[in-house]
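K.L.:
Going down the list, the protein sequences come from chains G and C. When you number the first sequence by my numbering, it's gap-free, plus one each residue, and the end is 274. When you number the second sequence by my numbering, it's gap-free, plus one each residue, and the end is 427.
There may be inaccurate statements among the hints.
Claimed, not checked - Some chain G residues judged to face chain C by a derived CB distance under 10 angstroms, without partners named:
| no. | residue |
| --- | --- |
| 1 | L38 |
| 2 | Q105 |
| 3 | F185 |
| 4 | R187 |
What the hints assert, rightly or not - Stretch by stretch, here's where chain C covers chain G in the computed footprint (C-beta under 8 angstroms, at least three residues):
| no. | stretch |
| --- | --- |
| 5 | 1–14 |
| 6 | 47–61 |
| 7 | 106–114 |
Honestly, the hints are just simulated from the structure, not real lab data. Heads up, the beta-carbon is just placed ideally off N, CA and C, and yes, glycines get one too.
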Amino acid sequence: MIPAAFDYIRAGSAEEALAALAEHGDEAKLLAGGHSLLPLMKLRLATPAVLVDIGRLDDLSYINDAGDHLAIGALTRHRDVETSALVQSQVGLLAEATSHVGDPQVRHRGTIGGSIAHGDPASDLPSVMLAMRATLVARGPGGEREIAIDDFFTGFLETALGDDELLTEIRVPKMPDATWGFQKFNRRAQDWAIVGVSAIVNNGNSGVGLVNMDSIPVRAAGVEAALAGGASASDAAEAAAEGTNPPSDLNAGPEYREHLARVLTRRALEAAGR
Amino acid sequence: MEVTVTINGDSHSHDVEPRTLLVHYIRDVVGLTGTNIGCDTSSCGACTIHVNGESVKSCTMLAVQADGQDLLTIEGLADGDVLHPMQESFRQCHALQCGYCTPGMVMAAVSLLDENPDPTEREVRIGLEGNLCRCTGYHNIVKAVLHCAEASS
Numbered sequence: 001m002i003p004a005a006f007d008y009i010r011a012g013s014a015e016e017a018l019a020a021l022a023e024h025g026d027e028a029k030l031l032a033g034g035h036s037l038l039p040l041m042k043l044r045l046a047t048p049a050v051l052v053d054i055g056r057l058d059d060l061s062y063i064n065d066a067g068d069h070l071a072i073g074a075l076t077r078h079r080d081v082e083t084s085a086l087v088q089s090q091v092g093l094l095a096e097a098t099s100h101v102g103d104p105q106v107r108h109r110g111t112i113g114g115s116i117a118h119g120d121p122a123s124d125l126p127s128v129m130l131a132m133r134a135t136l137v138a139r140g141p142g143g144e145r146e147i148a149i150d151d152f153f154t155g156f157l158e159t160a161l162g163d164d165e166l167l168t169e170i171r172v173p174k175m176p177d178a179t180w181g182f183q184k185f186n187r188r189a190q191d192w193a194i195v196g197v198s199a200i201v202n203n204g205n206s207g208v209g210l211v212n213m214d215s216i217p218v219r220a221a222g223v224e225a226a227l228a229g230g231a232s233a234s235d236a237a238e239a240a241a242e243g244t245n246p247p248s249d250l251n252a253g254p255e256y257r258e259h260l261a262r263v264l265t266r267r268a269l270e271a272a273g274r
Numbered sequence: 275m276e277v278t279v280t281i282n283g284d285s286h287s288h289d290v291e292p293r294t295l296l297v298h299y300i301r302d303v304v305g306l307t308g309t310n311i312g313c314d315t316s317s318c319g320a321c322t323i324h325v326n327g328e329s330v331k332s333c334t335m336l337a338v339q340a341d342g343q344d345l346l347t348i349e350g351l352a353d354g355d356v357l358h359p360m361q362e363s364f365r366q367c368h369a370l371q372c373g374y375c376t377p378g379m380v381m382a383a384v385s386l387l388d389e390n391p392d393p394t395e396r397e398v399r400i401g402l403e404g405n406l407c408r409c410t411g412y413h414n415i416v417k418a419v420l421h422c423a424e425a426s427s
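Assemble the whole structure, with the sequences as input and the hints as a guide.
P.N.:
Structure (structure tokens):
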């Protein structure tokens, strides 16, 4: 399978990437590690006229301790996130979930920013970002702006990023003492999650993000509210599918996904010590 | 677009269409056909090569993305007639049946041991999750990787 023809621009800097986006608008797509975009292009489900390759913007590949949060460059590869001592000690849920993204080859190429900006509800990392209440930083022609994760996912494979904006940084609150659980249910080792759950408990506050339970990555708000009200893990988990609209595919229908969401949420919360 | 890559120590330059996949470039343009195409959807791992020393699925990378990079394919693994220790271990442990997945499996296994020189059996199985063997010959493949790790330690 070969993608449809496109023009290729290799950006040497974030500024060059933004200039290319400004020129080509919604005809252009950003290419980072390519492990979400290229498969879609090979299936001709995506046919951008212009690919702007940002894969060499090494200055957007970093993991920094920024006081109350970790600042992770959007082009940091999954492999580097997964093996970072800083990520493991400060935001362990992210390290764990990242180690379940695809397979080693995929994690050598795929990037945290690419995965989040793709906005796929079946991806693992958006659920972590929701659970940990991350903040995203986008750069556009007017400068930088912060986007709360709850405002980021706007539709199926659609995000709050403008056509002329570049996701540059992911800010994840440091939670060295948090307890957490990550559950991913699939039929084969490297498959997308049929349903997945990220749960974290930090100083009595909880966050629960769901994988593949709606057309966008969603938070299990009902579970969080129940936990805040003092419910047990198993009682709170009963609310896991509330307000969701799970997809139906050859792996599972909505009812089975709702069942999985409840079971996996309970397991994730129990792993988090609730 | 002009692409220059180093493959198995040799420099190659060609003018390619931007949409050319790296695996097609390696097989059809450079003529190194040891790297197989299996699923073509980044699931099976048959096309695994090394890019700058790390395993990558070459069906999910554009040739233009590899410009200036250092690539290693299965043809570059042996030292002349002397097999790489991983190839030798695959031979010793009978870790192949039809052989189709083998080049990718070997390249993934070498990368795995580079990152984790002394893996447990479970770590080998998880580390090779990106490679499928449709003969289902996993048992001996895992044995070969463990054998290679032991022989190298």
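K.L.:
Next step is simple, just say for each hint if it's right about the structure.
P.N.:
Hint-by-hint comparison with the structure:
no., hint, result
1, L38, "holds, 5 angstroms"
2, Q105, "holds, 5 angstroms"
3, F185, "violated, 15 angstroms"
4, R187, "violated, 13 angstroms"
5, 1–14, "holds (count 9)"
6, 47–61, "holds (count 3)"
7, 106–114, "holds (count 3)"
Going down the numbered hints, you'll see the structure goes against 3, 4, while the others check out.
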